[in-house]
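Engineer: Residues per chain are reported as follows:
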Amino acid sequence: MNRSRRTFGGLQPLLLGFGFALLVAISVATVMLVQRASNDAQLIAQTLSEQNMLSDLLLSMRRAESSQRGYLFTQNDAYLDEFRESEPVAKKLVDQLQDLAKGNAARLTVLDRVSDLVDTKFAEMNKTIALDKAGDHDKARAEVLDNSGRILMARLRAVIEDAIAGEGKVADERSALSRQTNTMLLIVTLVGAGLIVLIGFASLVLVQRNYRRAEAARQELADTNANLERIVEYRTADLTEANEEIQRFAYIVSHDLRSPLVNVMGFTSELEALRKDIFAHVETLTARLADLDRAAAETETTSETDKLRQYGADFDEAIRFIKTSIANMDRLINAVLKLSREGRRQFRPEVIDMNALLDTIGQNVGHRAAEMDATITLHPLPEVESDRLALEQIFSNLVDNALKYSRPGVPPTLDVSGSATATDVTYQVKDNGRGIGADDHQRVFELFRRSGRQDQPGEGIGLAHVRALVRRLGGTITLSSELEQGSIFTIRLPRWWSAGTRSAA
Amino acid sequence: MNSQFAERPVEIVMIEDDEGHARLIEKNIRRAGVNNPIMSFANGTEAINYLFGADGSGFVNKGKPLLILLDLNLPDMTGIEILGRVKTNEHLKRIPVVVLTTTDDAVEIQRCYDLGCNVYITKPVNYENFANAIRQLGLFFSVIQVPATE
Chain A
1 MNRSRRTFGG LQPLLLGFGF ALLVAISVAT VMLVQRASND AQLIAQTLSE
51 QNMLSDLLLS MRRAESSQRG YLFTQNDAYL DEFRESEPVA KKLVDQLQDL
101 AKGNAARLTV LDRVSDLVDT KFAEMNKTIA LDKAGDHDKA RAEVLDNSGR
151 ILMARLRAVI EDAIAGEGKV ADERSALSRQ TNTMLLIVTL VGAGLIVLIG
201 FASLVLVQRN YRRAEAARQE LADTNANLER IVEYRTADLT EANEEIQRFA
251 YIVSHDLRSP LVNVMGFTSE LEALRKDIFA HVETLTARLA DLDRAAAETE
301 TTSETDKLRQ YGADFDEAIR FIKTSIANMD RLINAVLKLS REGRRQFRPE
351 VIDMNALLDT IGQNVGHRAA EMDATITLHP LPEVESDRLA LEQIFSNLVD
401 NALKYSRPGV PPTLDVSGSA TATDVTYQVK DNGRGIGADD HQRVFELFRR
451 SGRQDQPGEG IGLAHVRALV RRLGGTITLS SELEQGSIFT IRLPRWWSAG
501 TRSAA
Chain B
1001 MNSQFAERPV EIVMIEDDEG HARLIEKNIR RAGVNNPIMS FANGTEAINY
1051 LFGADGSGFV NKGKPLLILL DLNLPDMTGI EILGRVKTNE HLKRIPVVVL
1101 TTTDDAVEIQ RCYDLGCNVY ITKPVNYENF ANAIRQLGLF FSVIQVPATE
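Here the protein sequences line up with chains A and B, keeping their order.
The first sequence maps to residues 1 to 505 in our numbering.
The second sequence maps to residues 1001 to 1150 in our numbering.
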């Protein structure tokens, strides 16, 4: 799935780039072709206007000739008006035509001939008119009859018609070219449009496919998330239930263990009482026996008394061991019971001034601290929303431990500091005591486990209790310590109480 | 311990499943100088049969001065059930009931008093304290006035 997605991901920009390039190409081609078409149109227009001008020229010449002939025929000056108008018109047309044909040698030659013929024709006509005006009618007529004017005219006509025909051919060629250009333009536009549509369609398909894939992936993710949440919920419920079960179990076990223990203790006491009675009785009997048998008594009484004393000592030893063991067991069971009871206690969250709380704890141990020459330093501590009793127990235990496990000969120093983030508060309890070896960092938090020299009284429940409480408050406790280097206990707690704070732990 | 109304000595009905406890309780009560007869039952069914009789009406014990020493943790039923039945029986309801048990759960204690228990004592775990408590209870028994059942 990953690979195909990558292919599609590469194909799409490629398609887009291709489409863009195509668009540019079409635009360029179109612009070029349009330019060409307009050029063609201009050329055609020019050709047509040249044809027109040539026709006009021929017409002017004919008008000039007919007006010349009219004048020669009637000697009426009015006929000459048109002739006089025609001459500059014809000259001007020739000039214009020559202007337009600049750069085209073949055309210029033709036009030069036209120009010559026009000039020659006007010269001939002017001559006849001048002869006639001078009164020499016959000579003028002879000039006309000479046919040279007519031939001139015929040649002019032939040349101009040739030129017009030539222009026509050029125009045909140009219009053919123009049509071709237009056709090409059409084809390019159509093909381009078709390709664009095709690319657009392909892009659309791709986009749609990608969208569908993304949608499917999103759906899958949402499903997984929901699933995960459900799993977490189940697990949490399971853990909470298991935890409650363990606490119930601990409570029941510790509770039910006490009953037989009371019996053991009770009957041990009964035995002890019985022992006194028995031994007293045996002593009386021995004394009575000695009274009865004086002879035997001389030899036996001392050894009997010794034996009796020995029995008594053995009995007492046995009873003593039983009693101390019972007392130990009783303490352990009480510890478990206390822990399980703590686990069942409902927390009452409130905002707690930790400075005041630690101050009170410091005062509580003040007497002992003074005796040990201990220094307790309290830095400003952030407040926290949590359970007061639990925090009191936690910090009392830690402070107590710090004083209890000092290094011999070194006055204990104790340093409590804290910091806060938006969500958490962290407190550090630092001492200069005997420290805890790295191997025991986890063990000290376990129930009934202690570390280092066992020269202080205790059951090994303090830190277990502390950790259980911290966990129930939704926090963590960590230890950093080295032997003979002091210890730092770091407690992190959520700054604000929430329903979820009470973790399953 | 005497009954105010009848000249018969008060009989102590002890319902305690742990025989050792029962024996220790008896011994320590005797040490306090209480010589009243003690009927001991190790389970609820036998105790119920004794208290309520074969017909289950409690009529058998009518007019008899009784005092019940009750443990809550019994193998076949809870002491609370027995307490409830005794205190709702017209013949037995005036019998003083002393609950003597290991449970010190506040809710449990409340419930017992609500049901009409007269004294609730938590068995001390430590034997010395246990023996002490029982002896004091014995002294208490020696001065208490017990009405006859009706």
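Some hints here could point you the wrong way.
As the list claims (entries may be wrong) - Here are the in silico distance ranges between beta carbons for each label pair: (1) ASN1132/B x ASP316/A: 50 to 58 Å; (2) VAL351/A x VAL1107/B: 25 to 33 Å; (3) GLU371/A x ASP1114/B: 45 to 53 Å; (4) VAL1107/B x LYS307/A: 28 to 36 Å.
Just so you know, the hints here were simulated from the structure itself, not pulled from any lab data.
Every residue, glycine too, gets a C-beta built ideally from N, C-alpha and C.
Engineer: If you check the beta carbons of GLU371/A and ASP1114/B, does the distance land in 45 to 53 Å?
Structural biologist: At 50 Å between Cβs, range holds.
Engineer: Quick one: are VAL351/A and VAL1107/B within 25 to 33 Å, going by C-beta?
Structural biologist: Holds - the Cβ-Cβ distance for VAL351/A and VAL1107/B, about 30 Å, lies within 25 to 33 Å.
Engineer: Taking 50 to 58 Å as the hint, is the beta-carbon distance of ASN1132/B and ASP316/A inside that range?
Structural biologist: violated (23 Å)
Engineer: Assuming the hint says 28 to 36 Å, is it satisfied by the Cβ distance from VAL1107/B to LYS307/A or not?
Structural biologist: Check failed, 57 Å falls outside 28 to 36 Å.
Checked against the numbered hints above, the structure violates hints 1, 4; every other hint is satisfied.
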